[in-house]
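Engineer: Work the whole structure out from these sequences, hints included.
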Amino acid sequence: MSKDVSLELKNISKSFGRVAANKDVCLTVYRGEILALLGENGSGKTTLMNMISGIYHPDSGEIIINGENAVINSPRDAFDYNIGMIHQHFKLVNVFTSTENIILGIDGKKFNLETAEKEVKAIADKYGFEIDPKKKVYEMSVSEKQTVEIIKVLYRGADILILDEPTAVLTPQEAQKLFAILRRMRDDNKSIIIITHKLHEVLEISDRVSVLRKGEYVGTVETKDADESILTEMMVGKKVDLNIHRSEPVNAAVRLEVSGLNCTRRDGVKALSDVSFVARSGEILGIAGISGSGQRELLEAIAGLQKLDSGSIIYHDPKTGKDENLRDKTPVQIRELGVRLSFVPEDRLGMGLVGNMDITDNMMLRSYRSGRPVFLDRHPPKELAQRIIEDLEVVTPSAETPVRRLSGGNVQKVLVGREIAAAPTVLMAAYPVRGLDINSSYLIYDLLNKQKENGVAVIFVGEDLDVLIELCDRILVIGGGRVTGVVDGREAKKEEIGLLMTKTVKEESANE
Amino acid sequence: MNKTAAQAEKKHESLFYVTKRDTMPFWKSSLIRVIAVIAALIISSVFIVALTGKSPLKIYSAMIEGSFGTVRTFWDLLQNMAMLLGIAVAVTPAFRMKFWNIGAEGQVLMGCLASVICMYYIGSALPSWLLIIVMAVASMAAGAIWAGIPGFFKAKWNTNETLFTLMMNYVAIQLVSFFIAVWVPSGSGILYPVNTDTECGWLPKVFGQQYFLNVAIVAILTVGMFIYLRYTKHGYEISVVGESENTAKYIGINVKKVIIRTVLLSGALCGVIGFLLVSGKNHMINTSMAGGNGFTAIMVSWLAKFNPFYMILTAFLVSFLKIGGSALARDPLLKLSTSLGDIISAIVILFIIGSEFFIRYRINYRGRKAEHKNV
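Those sequence lines, one after another, are chains R and X.
Under this note's numbering, think of the first position of the first sequence as 464, with each following residue one higher.
Under this note's numbering, think of the first position of the second sequence as 37, with each following residue one higher.
Simulated from the structure, these hints should not be mistaken for lab results.
Just so you know, not all the hints are guaranteed correct.
Heads up, incomplete: computed chain X residues facing chain R, CB under 8 Å, no partners named [to be verified]: (1) Y53; (2) N194; (3) N196; (4) V276; (5) T283; (6) K285; (7) Y286; (8) I287; (9) G288.
Covered stretches of chain R (in silico footprint by chain X; criterion: 3 or more residues with CB under 8 Å from a CB of chain X, positions within the stretch not fixed) [stated by the list, open to error]: (10) 794-802; (11) 815-821.
Where a beta carbon is used, it is the ideal one built from N, C-alpha and C, also for glycine.
Structural biologist: Next up, the structure:
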């Protein structure tokens with residue numbers, strides 16, 4: 464009973480163009496277990512799971528389900544084999560209720576919404592989900608939407624559940640709830656595969672860990688025999704020092720003073736309400752919050768890209784001692800004031816860089832206006848490109864390669880390299896390590912730390928609370944566009960930040 | 037076990053699958069295009085034999101003869117190609133910016149109209165060289181305005197430029213009809229060349245060739261556009277705005293300004309072609325003077341990947357098919373209708389466009405792994 468194999472993959476390979484996403488991957492999943500699929504970004508975890516759930520078809524290899532050779536050509540075939548995948552990006556109809564979403568697309572029988580609601584409720588009670596079967600999706604929080612997605616696959620009778628980075632969008636408290644549910648499902652003899660790159664989660668939730676590296680299967684270990692350093696070594700292929708060095712701020716002086724920012728999104732929703740804070744030189748200020756809580760608008764407002772309803776952004780010039788209000792200034796006007804503000808936006812290829820242009824032309828984005836009139840001068844950007852490629856060890860065939868051909872880590876090195884080359888006095892970075900492998904992530908942390916030591920005011924928007932606590936001197940927590948607290952990075956606890964992140968949401972729902 | 041067999045019967049793996057290619061060396065992609073043209077000629081031969089019963093080689097040589105046979109036909113080909121290339125060059129900056137200007141037809145026509153208006157109302161009151169300058173400026177302004185209106189609306193209110201520029205074509209045609217109706221009281225709708233006596237406002241012959249200046253001006257425009265797009269700050273801004281408006285805003289490019297400036301340039305160049313059509317060739321106007329080149333030019337520009345130098349090749353190919361095809365219809369010995377030329381040119385262009393698929397994608401066959409590596 465306990466060691467029944469439910470799913471077996473044999474020598475699965477899949478390539479996209481010249482890139483091999485999976486090479487001869489073998490994997491075994493048993494009934495009644497939680498298997499963590501661990502690997503760095505780009506190691507082929509999601510591709511592999513997409514082949515099981517019918518989104519891709521393997522180039523070669525076998526998928527064996529319950530001892531039978533399976534050909535899965537579409538998500539519908541996957542459902543027939545009782546496989547359900549919960550994707551990172553939810554696929555729900557906003558104006559439908561949770562029940563309507565759950566029964567959507569099931570054919571072969573007539574629906575009675577009331578009985579369906581009862582069935583949904585029964586599933587929820589069995590595993591301990593909190594769900595309102597009549598609630599519309601657009602009224603739901605991210606974690607509620609995830610619940611709907613999970614019940615959707617359970618309702619279809621899934622025995623093998625695949626969850627793609629389910630905790631990426633959750634607060635620590637919500638993640639704990641999810642884990643409790645997953646454990647109950649395991650005890651109900653279901654097979655659960657959880658894709659993640661967070662080590663502590665792997666150790667907490669899984670029974671066994673399978674590791675992929677660069678599309679290849681590295682091995683499987685029992686979680687009880689594993690620890691962070693063993694897993695990292697399997698993921699990266701060598702030992703990595705997982706400590707972030709944090710120095711004490713020197714001569715911290717107020718560099719940027721933001722007060723009373725209010726801003727409304729195009730759809731009329733308030734993105735920022737009364738946001739005030741200071742950023743000091745020689746300090747890393749972290750910004751924590753559930754994604755979409757106003758981080759983007761805040762940074763873009765400072766960079767001169769977002770119109771504000773009210774408030775002020777005062778920049779204290781360290782050279783002249785003058786104060787400048789950056790509000791309602793365009794990026795060019797800000798630069799003309801002599802404010803050296805660098806910004807590493809969240810959307811690297813869609814905002815920070817131009818994907819189809821080569822590294823040299825991307826360097827030129829910041830500097831093309833200078834030099835001779837009318838015509839471009841490609842020499843200085845070319846030198847800068849060469850320097851960044853050498854200093855930051857960017858892996859690229861040449862400086863003439865379009866940046867979209869580079870891997871995520873190398874794209875980010877190019878972007879951060881360019882922004883740092885401008886010798887900023889304020890450096891803002893939004894999710895600078897998202898999607899990066901461990902080595903690239905630590906390189907980016909190092910670069911931010913060096914900027915801090917050079918007296919730059921660094922603003923770091925992050926999602927991994929462990930990293931924020933290790934890297935930042937102070938952490939500003941925002942929830943629903945409001946500042947819900949400022950904590951000291953050296954003393955803060957993860958749970959404390961997690962509570963602050965959800966504070967406004969809870970207050971608002973209490974008022975309703 | 038029975039169930040397994042049933043499932044195997046039910047679900048077959050597809051025999052091949054398509055994957056995206058990374059890059060392809062230039063010689064290889066050129067080779068694929070050449071093969072596409074050859075394949076197109078072979079398929080065309082089948083049609084030729086089936087439809088006319090004549091030797092395909094005879095038809096092809098008649099096409100070549102019709103394009104290159106005499107100095108006159110050769111200059112006809114050059115003139116046709118120059119106009120097509122000129123419009124393709126003109127629409128390119130807008131297309132690079134992902135502003136889908138399909139109103140080149142109307143912009144060229146407005147350029148023609150402006151020139152004819154100058155010739156008609158100024159007549160021979162100005163010296164010819166001065167009239168030519170006035171006409172050129174008026175045509176550029178007319179083309180720029182015709183493109184600028186949709187450009188302004190796009191920048192200001194994000195209207196759909198494709199529909200807008202298309203509609204402007206019809207307005208241009210109606211305007212031309214209106215002026216012809218005013219100028220030709222007989223109602224025949226045919227305007228005869230203006231200033232035939234003084235040739236005032238007519239581009240002069242150079243080296244005895246009426247079309248020399250047209251071809252030379254388009255050549256200069258082509259080189260100029262290549263330099264503009266590649267080596268100037270404006271060209272760089274166009275590329276950034278076209279690739280990602282967010283990036284453009286992020287580095288402080290005034291996106292609205294770039295859109296309007298580029299669209300005005302695009303329209304003004306279309307106006308120049310209109311001026312050349314009037315001053316350098318027809319000396320009059322009718323509603324079909326742009327002759328569909330405003331649309332064909334989009335294909336010419338696109339096939340050339342928006343590179344002005346490649347456009348010389350694509351414009352040549354399209355013009356050759358057109359001139360050669362119409363030569364078939366004129367040939368007294370072959371006695372063919374104009375359709376055969378159209379059929380051949382359609383097949384060739386279809387194959388060239390289709391060959392892009394093989395340049396971008398690779399087809400893999402299942403179970404024959406060894407073959408992958410050679411492709």
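Engineer: Could you run down the list of hints and mark each one as holding or not?
Structural biologist: Hints and how they fare:
no., hint, in the structure
1, Y53, "holds, 7 Å"
2, N194, "violated, 12 Å"
3, N196, "violated, 19 Å"
4, V276, "holds, 6 Å"
5, T283, "holds, 5 Å"
6, K285, "holds, 6 Å"
7, Y286, "holds, 5 Å"
8, I287, "holds, 5 Å"
9, G288, "holds, 3 Å"
10, 794-802, "holds (count 3)"
11, 815-821, "holds (count 6)"
Of the hints listed earlier, those the structure fails to meet are numbers 2, 3, in rising order.
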